[in-house]
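*Asks:* Here is how the chains run, residue by residue.
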Amino acid sequence: MNRERRKYFLSLAVSILLGLLIGALIMLATGHSPLEGYGALLSGAFGSRRGWGNTLYKTFQLCITGLATAIASSAGIFNVGGEGQMYLGALASSYLGARLAGVSPWIALPVCFLAAILSGALYAWIPAVLKVKLKINEVITTILMNSIAIFFCSYMANGPLKTLERGVNSGTDAIDKAFRFTRLIPGSNLSETVFYIAAISLFVWYLMSRTATGYEMRLTGQNERFSRFIGLKAGALGIGGMLISGAMCGALGMFECFALQNRFKPDFSSEFYFDGMLVAMIMRYKPLGIILMSFFFGALKMGAISMQSSTGISSELILIIQSVIIFLMAAEEGFLRRLQERRLHRQSIVKEG
Amino acid sequence: MDLSSIFNVGTLLNTFNTATIVILAGLGCLMTAQAGMMNIGIDGMMTAGAFAAAVGSWYFGSWGMGLVCALLAGLIFGLFYGVMVIRYKSDEFIIGVALNIFAVALTTFILRTVLKQSGSFHPASGAVNTLPYFSLGEIGGTAVNISVMVPLSWLLVALCAVMLYRTPAGFWLRAAGEHPDSLRSAGRNPEKMKYVGALSCGLLCGLSGAYLSLGYLSTFTENMSAERGYVAVACVIFGRSHPVFVFLAALLFGFIDAAGMRMQGLVDPTLTATFPYVGTILMMVFLALRQQAKKKAKA
Amino acid sequence: MSESESIIRFSHVSMQFPDVLANDDVTLEIRKGEVFALVGENGAGKSTLMNILYGMNTPTGGTVTVKGEPIRVFSPGEAIRRGIGMVHQHFMLVPSFTVAQNIVLGTEPRRGLFTDAARTDRIVEELVSEYGLKVNARDRVEDISVGLQQRVEILKTLHRGADILILDEPTAVLTPQETDELFEVIRRMVREKQMTVIIITHKLYEVMAISDRVGVMRQGKLVGVCNTCEVNERILSSMMVGKDVLLDALERVDDHDDTVAIRVEDLYVSDNRGLPAVRGISLQVERGEVLGIAGIEGNGQSELIEAITGLRRRDRGTVEIQGVDTRGMDPGQIRALGLAHVPEDRLSTGVSAQSDITDNLVVGKERRKPFSVFGFHLNRRAMKAYAKEVFDRYDIRAAGIGTQVGSLSGGNMQKVVVAREFSFDTPVLIISQPTRGVDIGAMDFIHQQIMAKRNASCAILLVSADLDELYRLSDRLVTIYEGKITGEFRPEEIGKQEISHYMTGGGREASVDEP
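Residue numbers (the numbering used here), protein chains in the order written: chain A, 1 to 353; chain B, 1 to 299; chain C, 1 to 515.
Here chain A stands alone, though its shape is the one from the complex (with noise of 0.2 angstroms):
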């Protein structure tokens, strides 16, 4: 391990402990103990199979959607907008997948599943061709494009695509019982799509750290310029990982209402791309890292809602925490320099006594 990387691993550490830290006085000021919070999570997150079965429901989806943020960074195109390209690849699925009842699942899974990659992928398609070609800031665009699709999709759900159905207040007619996910454990939101999930996540990973591809990629997010430079397409290489990134989201999109939903709701995701992008952060887009730590952010936020329901403290509580965890690391690097200067200074001084 070289120093680059240990120095990495000593913050990272660092920066959780601390968040963690400040978890626990957010906890005290509010009136509540430390130890009992992070007790009740941990319980809920490990306490039972359904805990188990929920924190790995959660790891997987973070492995997904952080990787999906990861693969469009690392192409230099910042994906904020997973969350629309989502919502629009469960859209386009759970209606395909009330539409083609009664044909061969074999047959009508793939076809979903295409119809759920390909729509993400064309949403990104278009910040990722705006950023390339007009230079228009993708942070702003792909964030504006998921309260659009959010609404264009409620409105779907509400209006034209409506089930008839009764009993369901809004989304489209009921998913083929035959295309539906079987759930692991009982109970829990654990369902065999995290196979799935597992294999594009070892895909990705494999294309970003093991290939030429996503050695281009690298290159190109790191320097644009030099990447023009050398020869490479660097402007083909960002809208590729756009691409990939969208069909990510879209196909987490598909599992979500094919494993848990049934159908198309609108209120079937609770930000879950942002929970991954987070990770993401933290992870600085590195892929086997994002891999490896959603365990831990998986068993942290499923924990926290049981913490909860059953100590009253918000679970918003680890969005804070993993803020505070950004904010840490970020600000790290600009921080030590300032120390290492302060103490050059310092040491001159001693030296003219």
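If you are wondering where the hints come from, they were derived from the structure by calculation, not from laboratory data. Accuracy of the hints is not assured; some may be wrong.
[Claimed, not checked] Okay, derived cross-link-like pairs now, DSS-like style, lysine-lysine, Cα gap no bigger than 30 angstroms in a straight line:
#1 K496(C) / K484(C)
#2 K135(A) / K294(B)
#3 K388(C) / K7(A)
Assemble chains B and C onto chain A, guided by the hints.
*Replies:* For chains B and C alone, coordinates are given in the frame of chain A:
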């Protein structure tokens, strides 16, 4: 339905009401932009301001204190942004995005854990005192009110323009953004001016938040800025960081929003809600295309 | 010049940056009313020392005394208060501000809360008439020439009442006429206003022309101070490098095959602002020769190179590489015709600073064997083995091949770029400023590599701001001025003084006597 139902006095007033949110936030954003920082964290600063305004106004029982709390919250967030970006030279985009997530999480957390409410803030006792407004009588059967913040925001546009282009501090702020070393070699501290930019950004975003929860609506709701902070950033890009042009861009946004609302009889309201966002993106595409054409024409 | 009182005294000044000791125990006195020249190679620490005097850096050791009082707080504001003004090598001007606004920046005249625009203009006009430095107060700085911008810088310091003026490489961007005018201004300021002027330069004939005394710096140390009238250029240059500058002649093999490998016809290119930068250039380079382009920076060289290599759109004209018209091709397609490129700006263009040495050496070949299987699956072991071999052969000084390229010194970073580009084994090489900011050892090494490529019958187009380098390597030289070629020579038939007149728009008739 004819056009007059879309283009009427009501739409105009709605335009002003909605635009004010973006005008104030846009002014904040442009103060950082002029000082050489791209602040994506506008949305979070607004959310913090909106929350502080509503809770302060309820706790102290006056809108004035609500305003003070919002300004204070904005100031703290602005200072934090400044310390991270200016002092520790962190990546502005990462800080901005994380700031937005942090602000939503923090306000929601306090609302749920401390105030024991969920969704929006409706205190059991006491009330959220909203900002004063001017009553313009009745138009088309509905009472029409304009919050004091609306004309105040226009005043602030002029104030920002004068400050940036007619006072020494404005020259220093712009020099700090465009060429910090030139200011340093002139014996003035560019970091200080960048802090001025970040802090005034915080104040203006706090004000925008206060208007959001005490003027535009009458209490705080979770995630209430609804990405308008990003719209403000887009307006600053579109208006090339000049207060007057940013103001016009914000009005355009307000108009699209208001016209969309007027069309609700015609089109589903969930669909019209997308108009301002689509409009903002189109605005940016238009600007980029025009700039590209200009460059080509020159060559 | 009489032995007058000392006005500035550096005693035992050191400046330690996190990665380099830029000033090492410098003790120096500057006298009132003199023109003091500070010379040294790139990176010798001249600018750092003057930045300390101007308060841009706080020294990590030693004291600086100005007019008898030691400086305690190092800041430009403090320096200005003590009457020090500095014209930096990279101008400290805000491009979108007017000339007048730049001159008064930091000390704007006020009317109440506001700036007083009328008084600003008046102040500038008074300054202009007092010192005879003509500028137009209302012009925007981004629209005026570099020479005028320098005037604005000087006026800025005068406006703040400076009586000690530091000029950092003031003539680097000036034409000979502008240089003469500047020197006239300096002489007048010293004579009439009793100012003290410190001029940083590495052009020794300028030292001889303008200065009373000269200090020589090398590797952060002050190695000598002399009266200018007691030394000559040869003595100074050997003090600057610490040994005789003469490098061994390079071996030239002459079996030059006259196939044209680069052909440029009537090329027009615009700069970033859309203004014409290259205006009708035609040239050709044959296999086995080095064509050197001599010119003052900013005369279209960068745009020319970028247009040839496909990094910049061209407005008109053709570029042929190996007989193929490159119209509409991107840099990758042009490289595929057999071209490699060492760019002028290595940090932003030539390397990926955040990546390690291995990645920077392999890139461009990652789809070839043995670095990948089927052009897809990377063979990291082969990449590392290759990087290690190049690392040793080029004698790159770093902890190892896993070192981030951004943390390397200029010379080592340039070795990475040269190693990568030369390893493509292309018949055409485009090389820009190959040894800028590189120490003399690395420079000699890089020159030998270039000559070896030439001897292996590559066609080489070389752009450099360093005339010595051009003379050492080139078979033919062309001069470029304002985007046009102003002359073509064999290095042995023209002297450096004469060629610099072609570089600044003069012709042979304008040339001065040859040494």
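*Asks:* Next step is simple, just say for each hint if it's right about the structure.
*Replies:* We went through each hint and held it up to the structure:
1. K496(C) / K484(C): Distance ~19 angstroms between K496(C) and K484(C) Cα, so the pair holds.
2. K135(A) / K294(B): holds (15 angstroms)
3. K388(C) / K7(A): holds (24 angstroms)
The structure is consistent with each of the numbered hints, conforming to all of them.
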